[in-house]
Amino acid sequence: MQFRGGGYSMRGKRDKARPAAKESAGPMRAPQRALWLARKLASDAISRSFAQRHLYSHTRTKHSTEATVDALLRWILSAQREDGGIAAHYSLLSGYSSSYPEVTGYLIPTLYDYAQQCSDHALSRKAISAAERATDWLLTLQTPDGAFNAGLHPGPSHPSVFNTGQILQGLIRAHSERNDSEIYFAAMRAGDWLIETQQPDGSWSGTSAYQGSAHAYYSMVAWPLALLSRETGNSSYRHAAEKNLDWVLSCFQQNGWISGINLRGHPDYLHFIAYALQGALECAALCQRNGAIDLVAKSAWVLLRQFETKKFLCGAYDGDFRNGRRFACLTGNAQMSCVWLRLFELTSDLRYFNAALKMNEMLKSRIVMQGRREIAGGVSGSYPIWGRYQPLRYISWGAKFAADALLLEQRIKRSFNLPAEEALECAS
Amino acid sequence: MRIVILGPSVYSETACAAAMRLADMGYAPAGALLLSTFNRETLLRKLGQWGANGVAGYVRTKIFSNSRSNLFRIQNEYLRPWLDRGDRIFRNLKQVANAYRFPVAITRDQNSPRAIASLKAWAPDLIVFTGGNILRKEVLAIPRLGVLNIHLGWLPQIRGMSSPEWSLLSSAPVGVTIHFMDSGIDTGAILQQYEYSRLADCKSLADLRQRLIAFGLDKLGDVVAALDRGTMVSTPQRNQNAEGSGDNQYFVMHQWLQERAAAMLARRIAPVSETVHG
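So the sequence lines, in the order shown, correspond to chains A and B.
Letter by letter, the first sequence follows residues -13 to 414 of this note's numbering.
Letter by letter, the second sequence follows residues 2 to 279 of this note's numbering.
Watch out, some of these pointers could steer you wrong.
[Claimed, not checked] Simulated crosslink set (PhoX-like; lysine-lysine; CA at most 25 Å straight-line): (1) B:Lys138 with B:Lys121; (2) A:Lys284 with A:Lys229; (3) A:Lys284 with A:Lys48; (4) B:Lys121 with B:Lys95; (5) B:Lys47 with A:Lys48; (6) B:Lys121 with A:Lys296; (7) A:Lys48 with A:Lys26; (8) B:Lys138 with A:Lys296; (9) A:Lys284 with A:Lys296.
[To be verified] Chain A is faced by these chain B residues, among others (derived, beta-carbon under 7 Å): (10) Ile107; (11) Phe252; (12) Trp257; (13) Leu258; (14) Gln259.
By construction, these hints were calculated from the structure, which means they are not laboratory data.
Everything numeric in this text was worked out from a predicted model, so none of it was measured.
From the three backbone atoms N, C-alpha and C, an ideal C-beta is built for every residue, glycine too.
Full structure from sequences and hints, please.
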């Protein structure tokens, strides 16, 4: 998700101020939202005073993983707009935003994963239907050169590398589920455009990159390119993915910090650090680059140690993990859980699984399970909700990564039992 | 040899049993430095970490759920040989101190200047650590030989928290390591390691932990005697600065994994002979 302070793309100062002012004026148009806002502010304030001060790593919740995933999915389904796209957020001030192509794209794999694992057939069918509607909508948005635009839709915009990469991820999954040639060729065109716009050093910068500069978290673009190579058998996509991976790995510091997040005027939110790790890890796994997996593991371990010893992860940092901000970026937490779970799968080190289980427990404790459909199952940008990352909003990419983390946990738990039982049988 | 006990509370059964074990061998402690049972800093820190609900829940489970009879029961039955002297049961370190005539100091912080002054006044050859604060270098440097810790895991493979549980899940030897403390977490030089052979008798993870504590205290006597005779040397740990998965520090185990470890324990019926690794 690329955005800054209410805007969703690169805009002038005047253009940026408009959506923020519009959002602030939201309660005047729908006064009942003021009540929900007051209730949420009070609930987080009370929770911070009388329950866990931070998202503490020893948190326990009575919410089952299955029920929480169902709630998350219901929230995602209710955020799908009439055009088939999924809203970027539900604001406690201004309600649902319009559809956001980037997040709609990478929600498609989540919807299919859910459909595969869910025991509720009706909900499973709804997830598949939502994924198909989202895919069909995205196909209408592709520009003739293969790119997808930045920002919310509809809205004035320009081609975006990051958004094209995230939508590509959705298209690849949609093709593998539907085996539709139209989706296949759309994915190829997006991949070709990404190769064309890639810089000789492997990064993406210039007009199609956020703030015009190269970013380490564009490893999230390398990942779908590696996936596309596997899907099509075309090695040029893999070559481009590895070129970017090499550039991203050059940003990894000795102390585990990733120096190339490059968000001018903002701290490095955990969300973007986790993006860089997740993209690099998945790309490295697909390209079988064990050295790269080790480098990602080293950075992920620094955050794991912080989580285990300080009992929470900060919402944002300055360079070298300095000056951690004392709010929780729930999306970043969910992404780190995904990274740790995948590292467990790749390395068999149970400590990653252990940290992810605790993180998921914390995430579950922050998700409201009942109430209004705009809020129940939603993941707020920050905890407390007035934290600096996406304040006063429930964000669709937060729900996506939380669902991914919980689905991954369920999958690992199922496979975890079998080898353990077998080993024990042999031992006895 | 002058030995000082460091403990987490005057009511710590482990600290009492350690003192009794050493006294029985003729090494009555020269002093004991204990954390105050209730102090404002700890309470505020726990309130910050757990919140009021968490602290109230902890107090409820630790105090009010105990019946009156439980309050006067030995919590770790495997320590009974040292705590129960037939005519009386030693329930806190002040009783042990009265019996063996050594001073007890209570502090909020074992690294504080007052605590350090007390420790220096006792001029220990050895400190036996049974719980409390993470010790700073100034404290670690006071005893002539060093500060001893009984770690309930196999070093250097498994250091940190939930060691018995991690040992079970990762198929590492289950046992105790007696080592000198340094400024890291369980990274100091190893004196002796003992594998626990009676896993098949353990009823639960909690039972295993209690057994390991008693097992470690029993072996502590052997180590102290060997140190006094000058017949034991320590071996520095390797791999102390490893990163990522090479880092051998473990953290508190999640409930779901604990249940798997408990299942492993329940099925672990093949006895392993007790072995000593020095």
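*With a cut-off of 25 Å on the C-alpha distance, tell me whether lysine 121 (chain B) and lysine 95 (chain B) pass.*
Holds. Lysine 121 (chain B) to lysine 95 (chain B) sits at ~20 Å (cutoff 25 Å).
*Between lysine 138 (chain B) and lysine 121 (chain B), does the CA-CA distance stay at or below 25 Å?*
14 Å, holds
*Decide if the proposed pair is consistent with the structure: lysine 284 (chain A) and lysine 48 (chain A), CA atoms, cutoff 25 Å inclusive.*
Violated - the C-alpha atoms of lysine 48 (chain A) and lysine 284 (chain A) are around 33 Å apart, more than 25 Å.
_Let's test the interface hint: is any C-beta of chain A closer than 7 Å to that of leucine 258 (chain B)?_
6 Å, holds
*Taking 7 Å as the limit, does the beta-carbon of phenylalanine 252 (chain B) come near enough to a beta-carbon in chain A?*
4 Å, holds
*Starting from lysine 284 (chain A), check that the Cα of lysine 229 (chain A) is at most 25 Å away, please.*
Holds, at roughly 21 Å.
*Quick one, is the glutamine 259 (chain B) hint okay against chain A at 7 Å, beta carbons?*
Violated, because the Cβ-Cβ distance from glutamine 259 (chain B) to chain A comes to roughly 10 Å (cut-off 7 Å).
*Starting from lysine 121 (chain B), check that the Cα of lysine 296 (chain A) is at most 25 Å away, please.*
32 Å, violated
*How about tryptophan 257 (chain B): closest beta carbon in chain A under 7 Å, or not?*
6 Å, holds
*Please verify that hint: isoleucine 107 (chain B), Cβ, nearest Cβ of chain A, below 7 Å or not.*
28 Å, violated
*Straight-line Cα separation of lysine 47 (chain B) and lysine 48 (chain A) no greater than 25 Å?*
OK: lysine 47 (chain B) and lysine 48 (chain A) at ~22 Å, within 25 Å.
*asked:* Need the status of pair lysine 284 (chain A), lysine 296 (chain A): alpha-carbon distance at most 25 Å?
replied: 18 Å, holds
Of the numbered hints listed earlier, those contradicted by the structure are 3, 6, 10, 14.
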